[in-house]
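Quick note, the sequences are listed as chains H and S, same order.
The first sequence begins at 1 in full-length UniProt numbering and counts up by one.
The second sequence begins at 1 in full-length UniProt numbering and counts up by one.
Among these hints, one or two may not hold up.
Unchecked claim - Some, not all, of what chain H presents toward chain S, calculated at C-beta under 10 Å:
#1 GLY29
#2 PHE36
#3 PRO38
#4 LEU47
#5 SER99
#6 GLU103
#7 GLU341
#8 ASP346
Stated by the list, open to error - With a Cα cut of at most 30 Å, we get these calculated DSS-like pairs of lysine-lysine:
#9 LYS246(H) - LYS57(S)
#10 LYS540(H) - LYS496(H)
#11 LYS303(H) - LYS246(H)
#12 LYS496(H) - LYS165(H)
#13 LYS80(H) - LYS9(S)
#14 LYS496(H) - LYS57(S)
#15 LYS77(H) - LYS9(S)
No lab work stands behind these hints: they were computed from the structure.
Keep in mind the model is a prediction, meaning the values are calculated, not measured.
Virtual Cβ for every residue (Gly too), placed ideally from N, Cα, C.
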Amino acid sequence: MYRYDEFDAEFVHSRVAQFRDQVVRRLDGRLSEAEFRPLRLMNGLYLQLHAYMLRVAVPYGTLRSDQLRMLAHLADKYDKGYGHVTTRQNMQFNWPVLSDVPEMLTDLASVDMHAIQTSGNCIRNVTCDPYAGAAADEIEDPRPMAELIRQWSMLHPEFAFLPRKFKIAVTASSQDRAMIKGHDIGIQVVRNEAGEVGYHIIVGGGLGRTPVIGQTLRAFLPKDDLLPYLEATMRVYNRFGRRDNKYKARIKILVRETGIEDFTRLVEDEFAALDPSDIAVGAAERARIATYFASPAFETGIKPLDMASQPEVFRKWVDTNVVAHAAPGYAIVNISLKDPERAPGDVTTEQMRAVADLADAHSFGELRFTHQQNIVLAHVRQDALRAVWDGLVAADLEDANINLIGDIICCPGMDFCALATARSIPVAQAIAERFEDHDRQQAIGEMQIKISGCINACGHHHVGHIGILGLEKAGVEFYQVTLGGDATQTAAIGDKMGAGFSQEELVDGIERIVDFYVGAREHDERFLDTYRRLGTEAFKEVLYASA
Amino acid sequence: MSTLKHKGKGPQAMTANELVSGLSVWMTTDLNWSRDYADALLTEDETVIEKMDEIAKAAEQANTVVGAYFIDTVDAKPARYRERFRTHGPSYDTADLISES
Numbered sequence: 001m002y003r004y005d006e007f008d009a010e011f012v013h014s015r016v017a018q019f020r021d022q023v024v025r026r027l028d029g030r031l032s033e034a035e036f037r038p039l040r041l042m043n044g045l046y047l048q049l050h051a052y053m054l055r056v057a058v059p060y061g062t063l064r065s066d067q068l069r070m071l072a073h074l075a076d077k078y079d080k081g082y083g084h085v086t087t088r089q090n091m092q093f094n095w096p097v098l099s100d101v102p103e104m105l106t107d108l109a110s111v112d113m114h115a116i117q118t119s120g121n122c123i124r125n126v127t128c129d130p131y132a133g134a135a136a137d138e139i140e141d142p143r144p145m146a147e148l149i150r151q152w153s154m155l156h157p158e159f160a161f162l163p164r165k166f167k168i169a170v171t172a173s174s175q176d177r178a179m180i181k182g183h184d185i186g187i188q189v190v191r192n193e194a195g196e197v198g199y200h201i202i203v204g205g206g207l208g209r210t211p212v213i214g215q216t217l218r219a220f221l222p223k224d225d226l227l228p229y230l231e232a233t234m235r236v237y238n239r240f241g242r243r244d245n246k247y248k249a250r251i252k253i254l255v256r257e258t259g260i261e262d263f264t265r266l267v268e269d270e271f272a273a274l275d276p277s278d279i280a281v282g283a284a285e286r287a288r289i290a291t292y293f294a295s296p297a298f299e300t301g302i303k304p305l306d307m308a309s310q311p312e313v314f315r316k317w318v319d320t321n322v323v324a325h326a327a328p329g330y331a332i333v334n335i336s337l338k339d340p341e342r343a344p345g346d347v348t349t350e351q352m353r354a355v356a357d358l359a360d361a362h363s364f365g366e367l368r369f370t371h372q373q374n375i376v377l378a379h380v381r382q383d384a385l386r387a388v389w390d391g392l393v394a395a396d397l398e399d400a401n402i403n404l405i406g407d408i409i410c411c412p413g414m415d416f417c418a419l420a421t422a423r424s425i426p427v428a429q430a431i432a433e434r435f436e437d438h439d440r441q442q443a444i445g446e447m448q449i450k451i452s453g454c455i456n457a458c459g460h461h462h463v464g465h466i467g468i469l470g471l472e473k474a475g476v477e478f479y480q481v482t483l484g485g486d487a488t489q490t491a492a493i494g495d496k497m498g499a500g501f502s503q504e505e506l507v508d509g510i511e512r513i514v515d516f517y518v519g520a521r522e523h524d525e526r527f528l529d530t531y532r533r534l535g536t537e538a539f540k541e542v543l544y545a546s547a
Numbered sequence: 001m002s003t004l005k006h007k008g009k010g011p012q013a014m015t016a017n018e019l020v021s022g023l024s025v026w027m028t029t030d031l032n033w034s035r036d037y038a039d040a041l042l043t044e045d046e047t048v049i050e051k052m053d054e055i056a057k058a059a060e061q062a063n064t065v066v067g068a069y070f071i072d073t074v075d076a077k078p079a080r081y082r083e084r085f086r087t088h089g090p091s092y093d094t095a096d097l098i099s100e101s
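Work out the full structure, taking the sequences as your base and the hints as a guide.
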């Protein structure tokens, strides 16, 4: 895992000192709210519907056990005993008090953490495949590249005031778990015909009010060219991106209006005009960064658990939540934060500490937050799976629903967010409760329900197999449905079904869709494949059929 | 002063957020601030509304509250759904489950 060098540490501590002084000046009136607002946002502090909210950055979703314990400490000391894992792999606290935030940032800085790049029209915290460094299908660990992008983007003076926020996601696997086609820039580590490792650059993806699937900007970019090429792309966006209308300011709009061919030409021209030596990072520096992400010392000769002697409930959890690892004898463990009674992504401080202990005991002290609002222990010995599960049971974290219908992505919605138009948490809870039976979830199979409480789409509803958008009219919440969305390498925007539903009607409608799918699928066909085979109308008819 | 989608029709209330806590507050009948909407002053009296506006601006200047604005009310409740929601807080908060356990 990356550790701050002296420059990182000095910068973060000086930034905290600056913010501490800014808060003092705000409280005594030397700074007005208009002056203070951009300063607090640069440090991840929002004023939400009911209170302040602090969003802490978790670069590429990876954190150490001591960092998770620090997040638990913050939640206990300054908030209400829990944190919320976001759809961008960060953690939010819903109830901080302004005067405490400098102390919170000081505590964070003591474990190499901060809240920079979690707000504002800058390059935001880079997100990443949560199985990085452990996935059997990856070419190399993408996190050194993500860390390089973090170092380049964090204080880049040219890109501190972009037309709009800018999100980058990276992966090194053919199976896209980072939703790279749904980001302003998506980067996939690939190998060319000559066997060289480089980058596939995707541009212009995004969700929000105008969902767009990203397109290829460069099919193969040599490693040395990464930062110059990103710099060129950002310059084109910064120069031509619209600033007159925030709803048309994202790069996806520029790419769409320019056309991918012309946009590519603009980038390539800018790239050709750059002096790469100004910014390019060579193999030696990349190798230095990569040493921070070196694989742990995996042991050999590990015997798999005798599953036949294990209880059924444990076997079900393994079937659902445990994934193959690149190293023989190891496994990737997904910890579900989708207890049907709780908000998706919420985790209490007791649970955080329990997970940190499990990470120390069984996963080299390291863990990941996922954009699906769960936690991953990336390197667990197969013969330790039972011990991990026992620990999760003790912490009430044993839900066996990863990638099933209970594993719902959900934004905070109207319950917390100032931008929301409707609640999303109660909808997620109602659906999770309806489908709570594990065997039923298992029988339904892979299913991603994603819920957003407004058109800004933080809940990624456009790419949900079943997407739900909460709206409000005349004081009444209602929910629109999209079907067939896909967040993976076969990315697709879901098809809008039509008129919205009340929450109660919605849950019934979803159950009708699910039951129809289960009856209509061929063999072990996934929901998405059945939907694509039968088409929109068949499902729409079922959705709107009276119960 | 921000009015959001305030139409200025019917009885008005003044709302804001406390600067330090960020919590929602409403101007009271004694022209102070309360976290309880039940204490809110609702009025159509233009003179009083003008006074409320002055006091809210002064409170912002004094760094007591931020983002003060008027809201429309109907039958003593905020007209807009969002504003009604602000009066009672989240319908779900994990903190409540923690305090129950």
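Hint numbers contradicted by this structure: The structure breaks hints 3, 6, 11, 13, 14 and 15; every other hint is satisfied.
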